[in-house]
Structures are given as structure tokens and as C-alpha cells.
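Trainee: For this one, chain A is given, so just place chain B with the ligands on it according to the hints.
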Amino acid sequence: MEEGFVETINDTVVFLDPKRVSFEFNEKLFLVKMTYENESYDGISALPAFPLSSRSEFVHIYKGADSTKLKECVGLIEDINELNEGSFDALSKSIQMSCMMPTITKINLIYDEYYNFHWTVETDRGNLEFSIGTPRRYVFRVSNGALLIKDLKDDYYYIPDPTKLDANSRKQLLPIL
Amino acid sequence: MGLVTPHFIDERLNSFLSEQNAGESDRIMAVVSSFLPDAQCQSNWFVLTKERLLIVAEMNGKYEILFSYILKDLKEVRSQALKGGGVIIVESNDVKQEVFRYPNSQGALFGSICDCIKGFLNNGQALTFEDTLKVVMKEELNKFCSKCHRPKLSDIKACPFCIDRKKVVFRILSYAKPFSGQLIIVVVLLAFSTLLQLLPAIITGKIVDKVLAQGQVDLLVPLLLALGGSMIIRTALGIVHARISVDIGANVTNVVRKETFDHLQKLGLNFFDKQNTGSLMSRVSHDSQSLQGFLSEGIQYTVHNFFLIFFIGITLIYLNPVLGCLILLPTPFVVLISKLSWRKLFSDFRQYSDSASNLTAFLSDSLNGIREVKTSGQEVRMQKRFAFWSDESRDKIVKAEKTLQSLIPLLNLIIQSSLIFVWYFGSKDVLFAQQNNPSDFSIGDLVAMIGLMGILFGPLQLLTRLNDWMTRAITAADRIFEILDVEPDVKNQEDAQNTKRLVGKVVFDNVVFGYEKHKPVIKTLSLDVKPGEMIGLVGKSGVGKSTIMKLLMRLYEVNDGSITIDGRNIKEYSIETLRENISVVMQDSFLFNRSIADNISFGHPEATRKEIILASIQANAHEFIMKSSHGYDTMVGERGLRMSGGERQRIAIARALLGDPRILILDEATSAVDTETEQKIQNALQHLIKGRTTFAIAHRLSTLRNADRLFVIEDGVVVESGSHDELVKKEDGIYKKLVTIQTDWAKKVFIGGD
Ligand SMILES: Nc1ncnc2c1ncn2[C@@H]1O[C@H](COP(=O)(O)OP(=O)(O)OP(=O)(O)O)[C@@H](O)[C@H]1O
Ligand SMILES: [Mg+2]
Numbered sequence: 012m013e014e015g016f017v018e019t020i021n022d023t024v025v026f027l028d029p030k031r032v033s034f035e036f037n038e039k040l041f042l043v044k045m046t047y048e049n050e051s052y053d054g055i056s057a058l059p060a061f062p063l064s065s066r067s068e069f070v071h072i073y074k075g076a077d078s079t080k081l082k083e084c085v086g087l088i089e090d091i092n093e094l095n096e097g098s099f100d101a102l103s104k105s106i107q108m109s110c111m112m113p114t115i116t117k118i119n120l121i122y123d124e125y126y127n128f129h130w131t132v133e134t135d136r137g138n139l140e141f142s143i144g145t146p147r148r149y150v151f152r153v154s155n156g157a158l159l160i161k162d163l164k165d166d167y168y169y170i171p172d173p174t175k176l177d178a179n180s181r182k183q184l185l186p187i188l
Numbered sequence: 159m160g161l162v163t164p165h166f167i168d169e170r171l172n173s174f175l176s177e178q179n180a181g182e183s184d185r186i187m188a189v190v191s192s193f194l195p196d197a198q199c200q201s202n203w204f205v206l207t208k209e210r211l212l213i214v215a216e217m218n219g220k221y222e223i224l225f226s227y228i229l230k231d232l233k234e235v236r237s238q239a240l241k242g243g244g245v246i247i248v249e250s251n252d253v254k255q256e257v258f259r260y261p262n263s264q265g266a267l268f269g270s271i272c273d274c275i276k277g278f279l280n281n282g283q284a285l286t287f288e289d290t291l292k293v294v295m296k297e298e299l300n301k302f303c304s305k306c307h308r309p310k311l312s313d314i315k316a317c318p319f320c321i322d323r324k325k326v327v328f329r330i331l332s333y334a335k336p337f338s339g340q341l342i343i344v345v346v347l348l349a350f351s352t353l354l355q356l357l358p359a360i361i362t363g364k365i366v367d368k369v370l371a372q373g374q375v376d377l378l379v380p381l382l383l384a385l386g387g388s389m390i391i392r393t394a395l396g397i398v399h400a401r402i403s404v405d406i407g408a409n410v411t412n413v414v415r416k417e418t419f420d421h422l423q424k425l426g427l428n429f430f431d432k433q434n435t436g437s438l439m440s441r442v443s444h445d446s447q448s449l450q451g452f453l454s455e456g457i458q459y460t461v462h463n464f465f466l467i468f469f470i471g472i473t474l475i476y477l478n479p480v481l482g483c484l485i486l487l488p489t490p491f492v493v494l495i496s497k498l499s500w501r502k503l504f505s506d507f508r509q510y511s512d513s514a515s516n517l518t519a520f521l522s523d524s525l526n527g528i529r530e531v532k533t534s535g536q537e538v539r540m541q542k543r544f545a546f547w548s549d550e551s552r553d554k555i556v557k558a559e560k561t562l563q564s565l566i567p568l569l570n571l572i573i574q575s576s577l578i579f580v581w582y583f584g585s586k587d588v589l590f591a592q593q594n595n596p597s598d599f600s601i602g603d604l605v606a607m608i609g610l611m612g613i614l615f616g617p618l619q620l621l622t623r624l625n626d627w628m629t630r631a632i633t634a635a636d637r638i639f640e641i642l643d644v645e646p647d648v649k650n651q652e653d654a655q656n657t658k659r660l661v662g663k664v665v666f667d668n669v670v671f672g673y674e675k676h677k678p679v680i681k682t683l684s685l686d687v688k689p690g691e692m693i694g695l696v697g698k699s700g701v702g703k704s705t706i707m708k709l710l711m712r713l714y715e716v717n718d719g720s721i722t723i724d725g726r727n728i729k730e731y732s733i734e735t736l737r738e739n740i741s742v743v744m745q746d747s748f749l750f751n752r753s754i755a756d757n758i759s760f761g762h763p764e765a766t767r768k769e770i771i772l773a774s775i776q777a778n779a780h781e782f783i784m785k786s787s788h789g790y791d792t793m794v795g796e797r798g799l800r801m802s803g804g805e806r807q808r809i810a811i812a813r814a815l816l817g818d819p820r821i822l823i824l825d826e827a828t829s830a831v832d833t834e835t836e837q838k839i840q841n842a843l844q845h846l847i848k849g850r851t852t853f854a855i856a857h858r859l860s861t862l863r864n865a866d867r868l869f870v871i872e873d874g875v876v877v878e879s880g881s882h883d884e885l886v887k888k889e890d891g892i893y894k895k896l897v898t899i900q901t902d903w904a905k906k907v908f909i910g911g912d
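As given, the protein sequences belong to chains A and B, one line each in that order. Each residue of the first sequence is one higher than the last, beginning at 12 in our numbering. Each residue of the second sequence is one higher than the last, beginning at 159 in our numbering.
Please note that the accuracy of each hint is not assured.
Unchecked claim - With a Cα cut of at most 16 Å, we get these calculated EDC-like pairs of lysine to aspartate or glutamate:
1. B/Lys-658 to B/Asp-587
2. B/Lys-848 to B/Asp-873
3. A/Lys-39 to B/Glu-715
4. B/Lys-241 to A/Asp-165
5. B/Lys-688 to B/Glu-730
6. A/Lys-117 to A/Asp-135
7. B/Lys-230 to B/Glu-216
8. A/Lys-44 to B/Asp-196
9. B/Lys-254 to A/Asp-53
10. B/Lys-729 to B/Glu-715
11. B/Lys-364 to B/Asp-376
12. B/Lys-658 to B/Glu-715
13. B/Lys-335 to B/Asp-405
14. B/Lys-502 to A/Glu-124
15. A/Lys-74 to B/Glu-249
16. B/Lys-729 to B/Glu-652
17. A/Lys-175 to A/Glu-133
18. A/Lys-39 to B/Glu-222
19. A/Lys-182 to A/Asp-172
20. B/Lys-681 to B/Glu-872
21. B/Lys-681 to B/Asp-724
22. B/Lys-663 to B/Asp-866
23. A/Lys-104 to B/Glu-645
24. B/Lys-554 to B/Asp-512
25. B/Lys-502 to A/Asp-123
26. B/Lys-497 to A/Glu-124
Quick caveat, the hints were computed from the structure, so don't treat them as lab data.
With the rest of the complex left out, here is chain A:
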């Protein structure tokens, strides 16, 4: 019984060997190319199974951004840290392009006005400003301490580990948490 189960997984999902796979990023066309043994795919998209709690693990590689259907899945990389440096960077880029919520790296100011909090932040993708309502309904604690923030427009932002932010950022966060 057990064995059959594992077999079916292997039939549908291939775990890619990090030693034999490589990725390249085309800066002009914003495309990531994957090469595995002799096969190559242009314009793959990469989706981690846990986009919030662990972006570098169980990354699914799809043939294009068209679908997340299982049959379009070329394979799965268990831990992208095992890739060589160039591939790691390219794949990270691809993950960044498919997990679009900016990661907040620094909070300059959170200003409170009539039940609304205005945030001025620095993220891994540039500086941003946004507003949220009552924290209870706009800030969510993800399992491992990470914060997911939804703003008034329904856009998402992400703080992987609030305790690792600098002192001022943590101070700004106080009225939120």
C-alpha cells in the first residue's frame, strides 16, 4: 500500500536533481530558462509550495506561467540552496516574479489616522507606501511568526521575521501587534 502511494507521486511529480539542473535569467525579456540534462525550457515559472513560510523549498517548475496544472509541471526542486550559485540567483529571480508580495525589509513610519495605518516602508523591490485598516483584519500571523499584511486595496506585503527588523522598524510595529 505504502509503496504504491510513493510510486504514484513519482509518476506525477519528478524531483529534479539539483546537480543536473541549471537556470538562466534573460534580462531583456524577463525570462528564465531551465536546462535539465539535454532538455531545455524557455520561460519557465517557479512556484514554491509554501510561498510564505518557506520560499526556498519544494519549488515547482512549470513550463510557462500559463497554468499551475500538474501536467505542466516539469518537476520539483526540494531545496534551491543546493543549486549552484548562478542557477540559484536565476531561480530566485523567477520565484520573485511569481511570488509578487514585496518583502518588507525596513519600516520607516507607521502613522495612525482614524482607524487607518499608513505605512512607509522599504522592501526587497523598492520603497512603498500603503494603508491598512484595523490591524486585526489586515495583519495576519503566519505559522512561523511571519506577518502577512493586506492593504486597503487588497494587495499583499510580507515580513518574514518581525523580530529581525531594526529597532526603529520594530518600534513602528508596536501599535500594530
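Mentor: Leaving out everything else, chain B with the ligands in the frame of chain A:
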């Protein structure tokens, strides 16, 4: 004229676009997103002209075209949702490119834009292209406040920054209009009672002067009588105006609350899909409560304190202008400090109430899910989680209360400090007057002034809180008005037809529907059902079987196409007609927290006991109902928990049978009962189904054995139809495959194959 998102196009970009022949007159639309194609955060423009698609970004202070396509050369344009956003993929000359990225909030917008472009590529009709886009753009614009362009808190209305406070206050007061006579009485009584409040201090001054200093003992009793009298009258007035205020407050709140609930009952299901039930509940119960607080106490305190400050100010200045001003000296400080600290306090208290809500939410979650908690042995983990929220709630209240409790003595100190000055300068004034002109400023005057001071500072502290008080009441009122201002989308047409009895011929003609318009669940679906036919709907979980039935009941409005009953569009019937003629057993039937009998007769409160019993017998529910502790009067526990799944379904069936409907909908009505019970219900249903149009949905295909025709639904359309016998003969038929799987499985389980 071009359509533009709320972020308007500035001159510089406009002239750049003009150079590219994409100026205002050529442009169909320009939408900005906050992502570059490589998902870095920066403004990126999606520009459509009648012939071209341009992707424009600002690089190093200069606008640049990242991608440019001739529309009619494109093979396909589509959007794909990613995590936290999405991407637009363009295909031309067999090259696929990801050209544009948009944030989560613009998913619906770009989904529709791509649909429009697809339509344009397929039939080249530029006109529909623009019209549809206008609707989409309007929806996008609706997300922002039209005044300050900030995103709005909810998709209903109201921007907290642009609430017209005056308008809201007037609207609240308009509800108090029937009580305007009482309101005037309250104000007049308040003025009198405030004046009387000053008397004790003034009389005390007179006692000091006349009785103690000048020895006019005969005045003591009359003065004390006046003192006692004023206190009694003031108390009496106080009781009267407080009672009237309570009356006004409670009545207005009652009217508002009832109106809100009535309105909620009229709104369509799509309103409730988007709203959180908890938040709606708090609007009806909690917000209307805040309103009551404001109307009965708030107005009273406000008016009272304004009178108080006004009268005392005049009296003080009359008694001694210089000293009067001295007393008022700390006022600005008190106001300033309260104002500064109140901001923080307000935020502290709000954090506390948020954490209290979290605690309640967790509590209700864990109690509602207590079966899951127990069956998975997670009690200890739940205890820890509860302890976490509970501790947090404690920390917040401690923080808020500590600040408040330190602040009050501080304010008192400032207020009392003026006492020192008043005693100092006042005593000097008294002594000086005694040597010169004793009638100028007597000891009694000083005593009266100090007495009045004590009364004055109370309202001063309160005044600083008034602003927040008002804010809260206004926001509460506004949240309620938001609901009242939503137009019900499914409502009776003016000339809606009331038909007692429908015949039951149902036709779906190219029906298109999506819970969100850009994601259709039903795509050009057509059905034709004869009166009295029994129809089975088959299809995978999530294909939209229940949705089709909801559309027939007109719980949602179709986006396109039409549904007719007896040749007439269902929109032309009154909603009452539809409810009377269509009965439904829903997949997840809800039982109300009432007796079983009440639950069965929910749609037909006029049903007799006999009818209820007959319906239950037919639904095979009678037996277990009789076994219940109080028979038909047994109360169904909260959320119907004390009933088994099958029992609940049978009650729902009885409920549906009671109305003698023309059209019967059974959505997985017997999925939770055993085969034998199902057999019994089926048999009972057999003669009920006769003469009624029946739609049955079931995954257990044996349930549909008796159906005249079966429709197999896939991807929003009917892919196969016919009787069971016809469909199983079809080679490669979907239905045939389903039947084979189910019989194989049954063989394995019951016969014990490999
Ligand atoms: N209120 C709603 N708001 C948004 N989407 C909904 C809503 N109700 C259903 N859906 C979605 O519409 C699709 C069709 O749902 P529907 O309930 O009609 O399926 P079904 O065929 O009855 O499935 P099942 O056999 O599991 O009952 C599903 O993808 C579902 O997620
Ligand atoms: Mg269903």
C-alpha cells in the same frame, strides 16, 4: 477620450505617449500597475490604443517602451494569477512573453481587460471592447474615494477621511425628528438644571458673608431652605431629562436597527458573499448601541457641559474679572495635555479592544470546532493558544489603564494648582477690599468662586474627549448608513407578475454567470425541461451544479442569457411567486435554533400540525423526530449540532415537501443517509415527484436512477444529456465512465475483489 485609472497621467507622460501616437485621442485606456515585468516595484503602464498595446515604464527619469505590439498581429493575450499578483502573457509569432505584472488588487481588472482583447481578436468589434472596459474601469475606480483618491475601507462606500460629519450628524438627527418636542424639552430642562447647579456654591458664599461674617442669623434658615430646595428641584429635573433622553436614544436606535435588519433581508446573496457575517452582526447590534450611547448620554452631557462652562464663566467674571480669568488659566493646559495624551490612549484602548476581539474569535472558533479539537486530541495546544491571546489581552488593558490612571491625577494636579493662585490673589483681594470697599469682593465671594471652580473642571476634562466621542458615534452611524445605502440587486420589477401556480417548464438559454464577473462558473449553458420531468444533474465537484439551481431560484442574477419558466423570464415574476413555487433541499441545509416543527414549517408558517407530520412521514423523518426528547417540539441545538447529517437532511426534505411546490430541487438531498433510508425516501419522493418538475443533484448515481433525463455538466456547459440507458451506451461518454467507476468500486467493497 481615454479611460484612466485613479492615478492620473501627468503632462510629461502624456506628451511622451503622444510622440508614440498614443496620445489622449488615440488612447483607449492606460492603467498603471506597481510592478515592472521583473516584479520590482515601480510604476508600469499598460497602454492600449485602437491598434496597439504598449508597455511603458520610467527608467532613469525617462519614459521607455518595454514592449510594443500591433494588436491584430497578436495570437493571444491572457492573464494568469500568481501569488500576490498576476502576469499578462502575450503570444505573437509563436513567441510567448510575460509582458506585464499587476498586483493582487488589479486581478479582476486585468482579467476583464484580457477578456476584452480576446473578444476583439476573435471578432474585431472595437465597440463592445470599449463599453465593457468602461464598466470594468468604473468598478476599479469605485475602490477609491472619489474625493481624496485613497483606497476605501470597504467596497460599499464611505471614506473615513471624507465623511461629511455634518451630513451624518444631520442624518442621525433626522431619525430623532419625530422626537423633536422631547428634544426641546430636554434642552430647556438642562439649561434650568445647570443654573440650579451653580446655586449651592453661591449660597455657600452668602452664608459665609451674611451669617458667619455679619452675624445675620435669621438668614441662615431661609438660605439653607433655598439650598435644599434647589438641590431637590435640580434632582427632579435631572431625573426627568435623563428619562426623556433614554427614551429618545432607545427609540431612535430601535428605528435604525430595525431599518438596517429589514434592509439586510432585502439584499442579494452576492452582498453577503463579500461581507464578513461577524462584521455585519456587529454593525446591527454594536454600532447601533454606540449610536444609542451618543444619543441618550452624549447629547445630554454635551449640552449640559456647554451650559455649565458658559454660565460659570459669566458668574466668575461677574464676581471678580481678574480672578475669574486666573481660574481659567490652566484651561488651555488641561485641554492641550488631554488632547495630546488622548491620541495615545485612544490607540491603546483600541488595541485592547482588538485583542479582546481576537480572544473572542479564538474562543468561538475553538468552541465551534470542539469536535475537531477533541477527535484530534489538540486540547493542550488549544489551551496554550488561548493563554497566548488571553495574556496579550491582559498586557494591552494594563498598558492602557496604567496610562489613563496616571493621567487623571496629573490633570487634577494642574487644575488644583490654580487653587493656590486663587487663594493667594483672592485672599489679598478680600483683605484689600475689607480695608477699602467691603462690597467689592467679600470672603463669601471667594468661597463661591472656589466652589464654582470645582464644578468647572469636570466638564473641561470631558470636553477634550468630546471629539473622540463624536468620532466614534459618527463612524458607527456611518457604518450603518453604508448598509442602508446599498441597493438590493435582486428585486421585484415594477410590473412583477404574481402567479399562484406555475406549470413548471424551465428553459436556460445561453446562461453565463460568475460569482465574480470576470471568472464565469457557468458559460453559455442551455437546458430545456418539460413540465413534470425529473432531471438529474451530474458533474464533478465544483463544476457549478448548485450554482445553476441558485440561478433558477434567482438568488443571483445571471450575467448574460436568460432563464424562463413557462415561457416567461424569471425576472418578470415576483420573488414571492418563485419562492412559493420552487422548493429546495440545499446541500448544506441550515437549521434554525428553534423547534423541529418550526424548522419544518419555516417557509410556510401557516402549515397545520397535521401537514407538518405528513410531510415528515414522507421524508422518513417522523420516526426519529418522535424518538427525540420532546417530539416535534424538540429544540434544534445551535448550528443543528444535535442532529446527525442524515437527520438534518430529512428535516430539510420535509421542509421542502410542505409547500406543495411546482418545482422541486434536491441538491445532494440524500447524500448523508444510508442506502436503505434513501430507498425509503426515494419511494416517498416517487409519488411526490409526479407532476412536479424536479431537479436532482447527486454524486451517488444510483440516486438518479429514476430521472427521465440526465445532464452532465463540465466546465460550465452541458456536455452530455439523455436518459441513463442512452448515456451508458455512449462510447467514451463521461457519464459511462462515472458509472463504471462507481460500480467497480461497489463491487470491490461489497464483493471483496482484489
Ligand atoms: N458564494 C460563492 N462565491 C464565490 N464562489 C463560489 C460561491 N459558491 C460557489 N462558488 C464557486 O463556484 C464554483 C461552483 O460551485 P458549486 O457549489 O455550484 O459546485 P457544485 O457543482 O455544486 O459542487 P459540489 O458537487 O461539490 O456541490 C466552485 O468553484 C465554487 O468554489
Ligand atoms: Mg453543490
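Trainee: Each hint: holds or not?
Mentor: Going down the list of hints, with the structure as the test:
1. B/Lys-658 to B/Asp-587: Distance ~91 Å between B/Lys-658 and B/Asp-587 Cα, so the pair is violated.
2. B/Lys-848 to B/Asp-873: violated, 31 Å
3. A/Lys-39 to B/Glu-715: Distance of about 46 Å is beyond 16 Å: violated.
4. B/Lys-241 to A/Asp-165: Holds. B/Lys-241 to A/Asp-165 sits at ~13 Å (cutoff 16 Å).
5. B/Lys-688 to B/Glu-730: Violated - the C-alpha atoms of B/Glu-730 and B/Lys-688 are around 20 Å apart, more than 16 Å.
6. A/Lys-117 to A/Asp-135: holds, 9 Å
7. B/Lys-230 to B/Glu-216: The given pair, whose Cα atoms are some 26 Å apart, is violated under the 16 Å limit.
8. A/Lys-44 to B/Asp-196: holds, 14 Å
9. B/Lys-254 to A/Asp-53: holds, 9 Å
10. B/Lys-729 to B/Glu-715: holds, 9 Å
11. B/Lys-364 to B/Asp-376: Judged against 16 Å, a Cα distance of about 13 Å means the pair holds.
12. B/Lys-658 to B/Glu-715: violated, 23 Å
13. B/Lys-335 to B/Asp-405: holds, 13 Å
14. B/Lys-502 to A/Glu-124: holds, 11 Å
15. A/Lys-74 to B/Glu-249: With Cα atoms ~15 Å apart, A/Lys-74 and B/Glu-249 stay inside 16 Å; holds.
16. B/Lys-729 to B/Glu-652: holds, 11 Å
17. A/Lys-175 to A/Glu-133: Satisfied, since the Cα-Cα distance of roughly 14 Å is no more than 16 Å.
18. A/Lys-39 to B/Glu-222: holds, 13 Å
19. A/Lys-182 to A/Asp-172: Roughly 14 Å between the alpha carbons, so the hint for A/Lys-182 and A/Asp-172 holds.
20. B/Lys-681 to B/Glu-872: Distance of about 10 Å is within 16 Å: holds.
21. B/Lys-681 to B/Asp-724: violated, 23 Å
22. B/Lys-663 to B/Asp-866: With Cα atoms ~14 Å apart, B/Lys-663 and B/Asp-866 stay inside 16 Å; holds.
23. A/Lys-104 to B/Glu-645: Violated, at about 46 Å.
24. B/Lys-554 to B/Asp-512: Satisfied, since the Cα-Cα distance of roughly 10 Å is no more than 16 Å.
25. B/Lys-502 to A/Asp-123: Holds. B/Lys-502 to A/Asp-123 sits at ~10 Å (cutoff 16 Å).
26. B/Lys-497 to A/Glu-124: Holds, at about 14 Å.
The structure does not agree with the numbered hints 1, 2, 3, 5, 7, 12, 21, 23 stated previously, though it agrees with the rest.
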